[in-house]
Each structure stands twice: as C-alpha cells, then as structure tokens.
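Peer 1: Listed below, chain by chain, are the residues.
2 protein chains.
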Amino acid sequence: MTAAATRSIDWDSLVAALGEIEIIRDPVQVARLSKDYYSYSPLLRADLDDKVADLVVRPANEAEVMKAAAVCVQHRVPVTIRGAGTGNYGQCVPLRGGVVLDLTKLQAVKWVKPGMARVEAGVKLAALDKQTREMGWEIRMAPSTYRTATIGGFIGGGSGGIGSITYGQLRDRGNLLALRVVTMEDEPQVIELRGDDVYKVAHAWGTNGIITELEIPLGPAYPWTELVATFPDFMTAARFGQALGDADGIVKKLICICAAPISDYFAALRTMIPVGSHCALLMVAEPCLEPFGELLKEFGGTICYQKSAQESGKGVAIGEFTWNHTTLHARSVDPSLTYLQTLFPADKDLKLVEHMYHHFGDEVMMHLEFIRVNGVVLPAALQLVRYTTADRLYEIIHYHEDNGAFIANPHTYIIEDGGRKVMDPAQMQFKAMVDPYGLLNPGKIRAWEQQQ
Amino acid sequence: MTAAATRSIDWDSLVAALGEIEIIRDPVQVARLSKDYYSYSPLLRADLDDKVADLVVRPANEAEVMKAAAVCVQHRVPVTIRGAGTGNYGQCVPLRGGVVLDLTKLQAVKWVKPGMARVEAGVKLAALDKQTREMGWEIRMAPSTYRTATIGGFIGGGSGGIGSITYGQLRDRGNLLALRVVTMEDEPQVIELRGDDVYKVAHAWGTNGIITELEIPLGPAYPWTELVATFPDFMTAARFGQALGDADGIVKKLICICAAPISDYFAALRTMIPVGSHCALLMVAEPCLEPFGELLKEFGGTICYQKSAQESGKGVAIGEFTWNHTTLHARSVDPSLTYLQTLFPADKDLKLVEHMYHHFGDEVMMHLEFIRVNGVVLPAALQLVRYTTADRLYEIIHYHEDNGAFIANPHTYIIEDGGRKVMDPAQMQFKAMVDPYGLLNPGKIRAWEQQQ
Numbered sequence: 001m002t003a004a005a006t007r008s009i010d011w012d013s014l015v016a017a018l019g020e021i022e023i024i025r026d027p028v029q030v031a032r033l034s035k036d037y038y039s040y041s042p043l044l045r046a047d048l049d050d051k052v053a054d055l056v057v058r059p060a061n062e063a064e065v066m067k068a069a070a071v072c073v074q075h076r077v078p079v080t081i082r083g084a085g086t087g088n089y090g091q092c093v094p095l096r097g098g099v100v101l102d103l104t105k106l107q108a109v110k111w112v113k114p115g116m117a118r119v120e121a122g123v124k125l126a127a128l129d130k131q132t133r134e135m136g137w138e139i140r141m142a143p144s145t146y147r148t149a150t151i152g153g154f155i156g157g158g159s160g161g162i163g164s165i166t167y168g169q170l171r172d173r174g175n176l177l178a179l180r181v182v183t184m185e186d187e188p189q190v191i192e193l194r195g196d197d198v199y200k201v202a203h204a205w206g207t208n209g210i211i212t213e214l215e216i217p218l219g220p221a222y223p224w225t226e227l228v229a230t231f232p233d234f235m236t237a238a239r240f241g242q243a244l245g246d247a248d249g250i251v252k253k254l255i256c257i258c259a260a261p262i263s264d265y266f267a268a269l270r271t272m273i274p275v276g277s278h279c280a281l282l283m284v285a286e287p288c289l290e291p292f293g294e295l296l297k298e299f300g301g302t303i304c305y306q307k308s309a310q311e312s313g314k315g316v317a318i319g320e321f322t323w324n325h326t327t328l329h330a331r332s333v334d335p336s337l338t339y340l341q342t343l344f345p346a347d348k349d350l351k352l353v354e355h356m357y358h359h360f361g362d363e364v365m366m367h368l369e370f371i372r373v374n375g376v377v378l379p380a381a382l383q384l385v386r387y388t389t390a391d392r393l394y395e396i397i398h399y400h401e402d403n404g405a406f407i408a409n410p411h412t413y414i415i416e417d418g419g420r421k422v423m424d425p426a427q428m429q430f431k432a433m434v435d436p437y438g439l440l441n442p443g444k445i446r447a448w449e450q451q452q
Numbered sequence: 001m002t003a004a005a006t007r008s009i010d011w012d013s014l015v016a017a018l019g020e021i022e023i024i025r026d027p028v029q030v031a032r033l034s035k036d037y038y039s040y041s042p043l044l045r046a047d048l049d050d051k052v053a054d055l056v057v058r059p060a061n062e063a064e065v066m067k068a069a070a071v072c073v074q075h076r077v078p079v080t081i082r083g084a085g086t087g088n089y090g091q092c093v094p095l096r097g098g099v100v101l102d103l104t105k106l107q108a109v110k111w112v113k114p115g116m117a118r119v120e121a122g123v124k125l126a127a128l129d130k131q132t133r134e135m136g137w138e139i140r141m142a143p144s145t146y147r148t149a150t151i152g153g154f155i156g157g158g159s160g161g162i163g164s165i166t167y168g169q170l171r172d173r174g175n176l177l178a179l180r181v182v183t184m185e186d187e188p189q190v191i192e193l194r195g196d197d198v199y200k201v202a203h204a205w206g207t208n209g210i211i212t213e214l215e216i217p218l219g220p221a222y223p224w225t226e227l228v229a230t231f232p233d234f235m236t237a238a239r240f241g242q243a244l245g246d247a248d249g250i251v252k253k254l255i256c257i258c259a260a261p262i263s264d265y266f267a268a269l270r271t272m273i274p275v276g277s278h279c280a281l282l283m284v285a286e287p288c289l290e291p292f293g294e295l296l297k298e299f300g301g302t303i304c305y306q307k308s309a310q311e312s313g314k315g316v317a318i319g320e321f322t323w324n325h326t327t328l329h330a331r332s333v334d335p336s337l338t339y340l341q342t343l344f345p346a347d348k349d350l351k352l353v354e355h356m357y358h359h360f361g362d363e364v365m366m367h368l369e370f371i372r373v374n375g376v377v378l379p380a381a382l383q384l385v386r387y388t389t390a391d392r393l394y395e396i397i398h399y400h401e402d403n404g405a406f407i408a409n410p411h412t413y414i415i416e417d418g419g420r421k422v423m424d425p426a427q428m429q430f431k432a433m434v435d436p437y438g439l440l441n442p443g444k445i446r447a448w449e450q451q452q
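Quick mapping for you: the protein sequence lines, in order, are chains P and U.
The opening position of the first sequence corresponds to residue 1 in the UniProt record's numbering, with each subsequent residue numbered one higher.
The opening position of the second sequence corresponds to residue 1 in the UniProt record's numbering, with each subsequent residue numbered one higher.
It cannot be assumed that every hint is accurate.
To be verified - Residues from chain U shown here face chain P by an in silico Cβ test under 7 angstroms; the list is partial:
1. M116
2. P220
3. E294
Don't read these hints as lab results, they were simulated from the structure.
Keep in mind that this is a model prediction, so the values were computed, not measured.
Note that beta-carbon positions come from the ideal geometry of N, C-alpha and C, so glycine has one too.
Extracted from the complex, chain P is given alone in its bound form (with noise of 0.2 angstroms):
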C-alpha cells in the first residue's frame, strides 16, 4: 500500500488531534524545513525543489513521538522524519508532503558510561561529544556537520566522516549499540534493537520506523591537534594519506587530501594556506606529533597551519573544511560546481586514483578523506565536479565504475541508486512490519514501490 494523496486529508481534525505538540502551519517555515543539503546536486534540485510537505509536527518526547505516529496513521498521512536537515540525498525531502517530523526536540542524555552514551534522537553531536569529553571520552565519528547535526540524523541517513579513520564506517558492527523505535502501525508501538538488528533500520533514511533513542559506543577524547601540510604534488600528498592511515602507531582522527585548487575554495583559511597548494587536512593525537613529525619529513611535507587541542574552540576548526564542508566551501565562491561520493579500491600505490586525477584533470578536482573498510586504510572521495550536463556527470561516474571504483551517486533519492544498491530483506520485512500503510518517506524505496 503507498501513501495516499495529501489532498484528502482532513489537516484541522488532524491538527486537533495532535492536541498540545507543536505544529508549525506558516508556509515559510514548512518549505524550509522541507530542505536538505540536496541542492549540492543540480539533478536533486530538478527533482526535489518543488517537494514540500503540508505541515511540520515537532514531539518533545517519545510520547509526543507516539501520539503523532497514531495520529498520523489514522489519517494515512506520508511523514518524514527529520533531525538538523543536514543531508545531501534529500533524505528528508517530503516527495508526496503530508507531516514532516522534526525531532530536534528530543534532546535528552540518558546516560554517559566509559565508552558507551544512551541519547534521545535530536541530541547535536557537538553538544553530546561536548557533555561526553568531560568524562574523557567522545563520538567515534562525526560528519562535517557536527555543530547542528544530530545523532538520529547521523544513524538515519549518514554513513561515516570524521573519525572513520580509526573506527570504520556506521555500518560496521560496534558502531551503533541499540535503537528505539516507534512504529506506524494502527497502534504505535516502541521496539528496542540491539545487536545486528540495528541494521533493520539504520541508514534507511527514516523508513523503517521513528528513531527515537540509540545507544552508541564512544571513543576515548585525546587531545587533538589540528594540521594543515603543503606538498610539492598532489600524489605526494596521497601518498603521504595512505601511510598516515596506515602507520598503526600514530592516532589520527582525520585525514583528508585535497588537490590544488581545492583550498583556495577555503575563504577563513585564505591567509593560512598558500595559494595553489596540494594539501592534507588533519587531526593528530597530541602525544603522536612528533613521530607525525617524522613521517611528514619523510614525504617532504610542510606544515603551514596548527591549532593545538588547547586552542580547539577557538578561531576555525579544521573539520568544517573536510568532508561534504569542502563540497560546501567550494560552492559557496562557485555555485556551478557539484561532487561526487567514491571508495576508491584498497591499494597502497592508489594506482586509481593517479589515473583519475590526471584523466579528468581540473574538471574533478580530487578529493580524498582515507577511512578504514574492512579492517584496511583506503581513500574515500568527494571530488569537486564543474558540472556541464547530466549527461557528463554520468559518463564521469560510470568511468569511475568501469574502472573499479565504487559511486554512491549523490545525484538520486532512491536509496537503492545511491551507496547500498540492493535493499536488505531484513530491512524490507522489518519496513513491512512497522510501516504497514507505507507511509515512512514514502518513494524513496524502489523494492518497495516496486512491490505495492
């Protein structure tokens, strides 16, 4: 069963219903909270633009979170569920309207433990890795977007970022502990995940259920330093990111490669970086400077820039330049540019990458983030593309592919088309059970439309 038309629904008995839970009605607010990041993607844009849902629904407790989904239910409405927003796929782009859920209110720290936190869904990770590092410990991986990003959002739609260079991705077990959901049934209920289980909902951008509470592990807060190093040539550089990865005695938290020009897309770090550079940008362990120092030597690096962890709060923090903030930085000086999303193959002469950088040359500037898959240091990529036509952009990722690197194609909202391919039938059945009326971000599932 899919998701009716909005256009029937009775919206002021609806609204009646959801008694004392803020609602917001004023078109403005709900186009805005209709949005993700998708607009990277001039295909998304085309596609998702003129996708707005009718109303925004903002529980402040999972009870809140109960009687909406009741609510909602009963009138067979499509809800979208939502935390800062901070997607790049439209995630949480209401396709049919209906309710988006917004659960930035759920902000609740259930309990820090040494190595393990219980928050509820709307809790941002720079808030709960702020309230953790008092105990010594922080979140094991964050995105560039941790200041307003929440940890529902992360674990809904988001699949690794800062940190991935140590603890995988989210999708490898340890990384996520336990899930609470609520479900769309005629009577709501909440289901506790643990163990392999999580993955029924995780990264399912919202369709599996209401992610209402996780428990996930932590890891421990060292002092990190922030860096910025020059090299003479970009596959220096690259290289230089692969033994950095790989160098098992230095802890790092962050190791991303960006091509000249890249940071010259970077307005704060204009007077830091010099203009041209082939540079890497990353967190160090304190304790391991001066062995980092050593291997730097080794690859003819130069440092130009350095924040010890003391000064970290103050003036710019080196992660909101890495990642998709890249992507970010470079569209704000030229909103023609897009990107895309690759694993590159694990090989330690990143034979790959050198033949894709100097293929495409200045027109996908390369950008690598290394991050461990498997138990094994590759780089990831979100290389800057100056996007002519759709067509282009396609023959550009089916390069990529033919070549034996994996695209998770930031151009769709199907999930099947971006980074998974195939939908798990634990996921499917799960879907089945909870969202029986399918009314969970409806068509962003092509199995399950498919199916309908």
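Using the hints provided, position chain U relative to the given structure of chain P.
Peer 2: Just chain U now, kept in the frame of chain P:
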C-alpha cells in the same frame, strides 16, 4: 676492536672503583642473572648454557650507571645489560663474561601525562600500567611477561605483543617517543634521542648504549573483558581471528588463536576449556561485547570463559596464556617442545596458514597472534614444534620461508639471524660512536664482529 678476554682483568680493582654501587659476586646468583628464557630453544641451550658473567653490577640511578660505564670502559670489560631477563633469544646472556649490568633498580616514573609517560628503564610494565590506569591510560603493548618484564628490556629486546592488534609493533613510528642512553666512551656521556633517532638504539639488545630512561606513548585504558571461545575447527577459529582483527568498530587488545591440542597444556584453564578445543583467547573492550557476540555467532563460536574488567586482578589473567606464555605452559608439560616465530603474509583467506596447518599436522601446532603490520591485520605465529633434530627444525623453518612466511628465527643469538636480517647502517654508525671499544653485549652482531 672486540672485547678483551676477561681473564686479564683485575676484578678487585674494578670492584673497588665501583664504590657504593651494589655488586653481586655470589656464583649462584651471577649464574642466574646471566640467563634469560633462551631455554625454549634446544639450539640456544647448546650454545649458551655455559655462558656466565664474572659479576653483576646493580646501579640504582643514572649517576651510578655512568660511573659503572666509566669503570668498565677503563678496564675494557664487556658489559651485558639486563632487565628482568624474560627474553627468548639469549639477548642478555654474556657471551664473553664480564659484567652483567642489571638495571632493575632504576624504578622511577618521571611523569605521566594524557597519552604519554616518561620512566626509568627498570620500571616493570605491570607496575607502570597500574599507575597510568589511575589517569585512564595504559601501556599500548606488552609481552605476556608484563608482570616481571621491564620497559627497558622490552624496548631493547622485544618487538610487540598484547596490544599490537591495535598499535602495531614497537618498531612502528609512534610507539617509542624518546630514549636516554649512557655511552661507553672513555668519558661516558648521556644522550637523549627523539623522533626517528630512537631507532638507533631500540631493539639492538643493549649493544648501542645503556638505556636509562624512556618516553613512551600510552593508550586509553578501556575496561577489558577477557574471553575464551571455542570453535568447531581450527580454520574457523583462525578466520574468526582475522575477522575480529578487521572489525574496525570492535575495540580489542588480544586475538590469540590456538589449535588443538595446545589449550590442553593450560593447566590453570583445564576446568574451563573443554579438552581438544580449537580456541581463541581474547581481550575485548567492554562497550563492544554485544557486537562482538554477533561476530562470534556468525562464526559458530562458543564462549567457555569470560572475566569482566571489574574482576581483573582476580584469578588467572588470560594474557598469560598467549604469546610466548603459550610456549611456557606447553613446555612445562612437555619440555621437549620448542617453537617458531613467524609472520604470515597479509591474506584474508589465510591460505598459507591453512596449508601449514595441514602440511605439518601435529608436529607444528598452530598458535596465531593477530597483529597490525603497516595498517593491515595479519597473523603472527608462535607455533609449538615437536623437536627432533636441528636439521629437521631448519627444514621446517626453510619450508616456511620458501612458501612466503617470514621467520624471526628464535634459535639464534645473532641479531641479524633473528628478526631483522640486516643491521641498519645508522645503528652501526651510532654503535661506533657510543661503544668505540665494542664492549656492549659483544658477539651478538655479526656485522660488527666481521668489521673488527
């Protein structure tokens, strides 16, 4: 210049010159302090059993070390440095008599900071660990002898151990930050080495200066759960070890895999591990136990022993059945056993491990220790060998080498013939400077002997 024969030395005048420094001349004690655990090797027993120092000198601080060095240089006496004597290559056996310099009285912990410590060479690893854990930190890696071994001995003669699954080996940049050494010049001086310069001295078996103080990195002190799991067959256990090693989201400190019948040798675990088990001895961070359980389930493993971090210090410590303690326990039941030290090539399918397991059967019992080497998880091995003859032992070693396994031969007291194969020219140059008379641990470096 090589060390003079010690016959001509005026020992009474030497002892008088040492003044207040503690000296041991009792032959029983001198004999005991001239040994390490080389006895695991029947070949080393033949070579080393008759080697004994003339006397033992036990300085209590760096000033006494300098005085002892000056006196020994003046008398041209060979000096063999000793920590707890827990090595297995005869590292601290004096080949040419002379003085054994026992550094176990240098016990000061100079400072502990987040992620770093500075200590004197004679500090016992377990004692340091206890102190740093109060601040939330611990030693990154330790041998199974951590209760008695000293940090100076570990850096001088060890390579890695429990913790190497996360941080790699001692030789990896970042796992040793600084060294302070006393030279054997006519007027001994103290030299501080930092950065890559530490490798002029590290793992040189006390041939390149007398280490008095060290700066080492610390890792976060997770609450570690100790576990033993059994598996239906050896290769499943081995593949589980590889998978756990590669599980970036699961924090662990130890992955030891023992083929049957090895665990039958563990008297203290006899009531816990079923006879004839293929088993894994593990240390896993407590916050990761739930995802760990899912991985274990995937491989059909069964937990037969589990001790929480809260109970650590009570009962047996699982680490003391791994690395070369495995050999110790096996030999305490069957003293005819000996062992190998092997590094298998990186290969997630473990094909060479599987081949050797079947090829040698019960003659070479498989004992794997998973570690990180240049960013990649692979199995080291300390196989138990049913010893027959030296020829057969070398046949086994050569079969491994011919098939692509790296053997750090533990049946030789020559540094080059063990793990490193070729002496680093920088080390040789440094030795020429700090030990011009070739008095430090003479006879252990082939390249040095050949150039005299």
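Peer 1: Could you run down the list of hints and mark each one as holding or not?
Peer 2: Evaluated hints:
1. M116: holds (5 angstroms)
2. P220: Because about 3 angstroms separates U:P220 from the closest Cβ in chain P, which is inside the 7 angstroms limit, the hint holds.
3. E294: Hint holds; U:E294 Cβ to chain P Cβ min 5 angstroms, cut 7 angstroms.
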